[in-house]
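Number of protein chains: 6
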Amino acid sequence: MSQNYQDRLKDIDKRTGALFKAQTKVMRSFSQLSQAASADGALDAKTKELMSLAISISIRCEDCIVYHLKAAIGHGANEDEIMETLGVAVEMGGGPSVVYSGRALEAYQALSA
Amino acid sequence: MSQNYQDRLKDIDKRTGALFKAQTKVMRSFSQLSQAASADGALDAKTKELMSLAISISIRCEDCIVYHLKAAIGHGANEDEIMETLGVAVEMGGGPSVVYSGRALEAYQALSA
Amino acid sequence: MSQNYQDRLKDIDKRTGALFKAQTKVMRSFSQLSQAASADGALDAKTKELMSLAISISIRCEDCIVYHLKAAIGHGANEDEIMETLGVAVEMGGGPSVVYSGRALEAYQALSA
Amino acid sequence: MSQNYQDRLKDIDKRTGALFKAQTKVMRSFSQLSQAASADGALDAKTKELMSLAISISIRCEDCIVYHLKAAIGHGANEDEIMETLGVAVEMGGGPSVVYSGRALEAYQALSA
Amino acid sequence: MSQNYQDRLKDIDKRTGALFKAQTKVMRSFSQLSQAASADGALDAKTKELMSLAISISIRCEDCIVYHLKAAIGHGANEDEIMETLGVAVEMGGGPSVVYSGRALEAYQALSA
Amino acid sequence: MSQNYQDRLKDIDKRTGALFKAQTKVMRSFSQLSQAASADGALDAKTKELMSLAISISIRCEDCIVYHLKAAIGHGANEDEIMETLGVAVEMGGGPSVVYSGRALEAYQALSA
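Residue numbers (the numbering used here), protein chains in the order written: chain A, 1 to 113; chain B, 1 to 113; chain C, 1 to 113; chain D, 1 to 113; chain E, 1 to 113; chain F, 1 to 113.
Everything labelled a hint here was simulated from the structure, so no lab data went into it. Owing to the predicted nature of the structure, the values given are computational and were not obtained by experimental measurement. Treat each hint with caution, since some may be false.
Unchecked claim - Each computed DSS-like pair below joins lysine-lysine, with the alpha-carbon atoms no more than 27 Å apart:
hint	chain 1	residue 1	chain 2	residue 2
1	F	K46	C	K21
2	D	K14	D	K25
3	D	K25	E	K46
4	E	K25	B	K25
5	F	K46	F	K10
6	E	K25	B	K21
Generate the whole structure from the sequences, applying the supplied hints.
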């Protein structure tokens with residue numbers, strides 16, 4: 001299962017790279033936007049990635065979940081912080097957020113193994 | 001194909017179970033909420049599961065579709081009732097609900113076989 | 001407050017009428033779709049309007065809430081049935097469905113007065 | 001009614017301006033992204049604004065509808081082109097897109113008066 | 001303008017209170033869920049309310065924005081933290097999140113005045 | 001990979017065909033709606049399919065992306081037009097539209113090969 005999510009991350013990167021080549025101006029601006037929005041500031045980068053994870057669950061975007069989960073782990077988010085993020089998503093999304101939080105939990109177990 | 005959807009239901013249960021362990025207070029409350037909302041009352045449980053199915057299609061949540069479809073069948077929903085539920089979803093969602101209703105129909109054929 | 005929701009219904013009708021004139025073929029087909037989907041069948045029209053109400057809350061479409069609430073009342077939905085529909089919406093949408101169910105409840109009080 | 005939508009556009013501009021001051025790096029990047037995405041190219045700017053209008057209706061974002069409708073008119077979109085855009089939105093969104101297309105039509109009448 | 005948002009908060013409370021009476025079991029469970037999800041833990045309550053604010057913007061729920069913004073302020077969120085939350089929402093939602101972040105900013109100015 | 005997307009299109013057709021049999025009146029009306037909305041008019045069919053593609057990305061409907069991408073190609077949309085459509089979707093959806101535009105690009109490479 002772990003390999004599955006690692007592959008998924010690679011596929012996301014590959015597709016995003018292809019989009020960068022095809023729509024360079026748009027994607028370069030998005031990249032700058034993303035860096036500006038997710039950099040350490042009054043809120044640290046870890047918190048911001050957890051926010052993006054919570055949004056990703058709420059809107060049921062599975063690639064987004066895997067991407068921002070990986071980024072949150074990379075910025076030092078621990079298991080409790082991630083699980084509480086899933087709790088907030090459930091509060092803000094009910095049943096559909098339960099099933100996507102379940103997928104986020106599975107991805108966490110795979111990516112933190 | 002049938003096995004596919006049965007497996008999907010098992011995976012949903014497994015992931016939800018893991019989420020229950022990780023966020024027990026949140027999930028216990030959600031479970032109570034879910035039981036209160038879906039119990040027989042002025043509307044019967046079957047009708048409520050069909051409503052949840054219609055919502056699941058409208059918001060394009062595939063795990064939700066499979067879960068609430070199974071629950072609707074379990075509460076005695078017959079094929080005509082399920083198909084008319086898909087019709088309501090198409091009215092309320094246009095083309096995207098057509099493709100997700102098509103998936104719900106496929107799941108129904110697999111789970112009721 | 002009642003007048004408010006009655007006016008809202010009139011505005012929806014007026015705008016939909018204008019759209020009918022501007023996109024007649026599309027809207028005539030939609031009208032046929034809507035009639036086919038919401039007619040009495042294996043599920044009765046009341047149940048189908050309650051389903052549409054549940055979907056409307058889940059997707060946070062306030063005009064849709066008022067429109068389908070009125071239609072559900074018109075098909076004989078009673079207060080308990082409507083309130084339980086709101087409960088299903090909360091199960092399927094968490095906090096955002098709480099605030100929109102609150103709006104649906106307010107609209108019900110105004111339109112059934 | 002016309003004044004209403006003109007005021008709405010001014011309010012959107014005012015709020016976006018305040019956001020620009022508060023989140024300058026993020027908003028400057030978004031502005032560059034927006035300019036790159038909506039500039040004349042293989043598709044002209046008018047077509048791109050009509051696309052953004054269609055998306056705005058589909059996701060039920062009323063400020064977005066008014067903003068991109070105004071931009072489409074500014075790039076020379078005529079009434080038929082706008083009405084057919086609403087038709088596509090109805091195809092891709094069913095009933096909820098009917099009510100938001102009705103709002104877009106009302107806004108068009110006000111802003112093109 | 002301040003009064004406007006204060007009134008909006010009162011209306012949300014009033015409608016939610018009415019829903020509590022109408023769907024007591026569902027709403028009591030939701031209330032417990034909400035308390036469990038938003039309590040201080042590995043993440044503090046302020047961070048969780050900012051997450052809920054980010055989600056609210058992403059899904060374009062204006063009542064949710066006002067409600068969770070007020071709660072975030074109540075838990076000590078300062079202006080910079082709130083503005084950076086809007087930045088994350090823009091990253092995760094593009095143009096539609098720009099207009100709703102603009103509304104969140106206006107609400108912040110009114111509610112913190 | 002190409003075969004993958006061709007199979008996906010076949011599966012969509014198969015499921016939609018089954019839905020047609022199960023909900024004939026609803027689906028016949030939807031079919032008429034779809035034909036009326038997507039026919040050549042003030043905007044040509046190609047442009048309308050690109051609009052539907054843009055909407056499909058914005059709402060994260062993968063089957064819709066593949067279906068309308070195929071239709072756009074069938075109506076003569078070239079690579080630049082499709083890529084600029086993805087750019088508009090990114091403007092209107094931020095990060096989640098980046099990952100779904102990446103999937104649309106991959107589908108384009110497979111279906112135009």
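Results for each hint:
no.: 1; hint: F:K46 to C:K21; verdict: 24 Å, holds
no.: 2; hint: D:K14 to D:K25; verdict: 18 Å, holds
no.: 3; hint: D:K25 to E:K46; verdict: 24 Å, holds
no.: 4; hint: E:K25 to B:K25; verdict: 17 Å, holds
no.: 5; hint: F:K46 to F:K10; verdict: 21 Å, holds
no.: 6; hint: E:K25 to B:K21; verdict: 23 Å, holds
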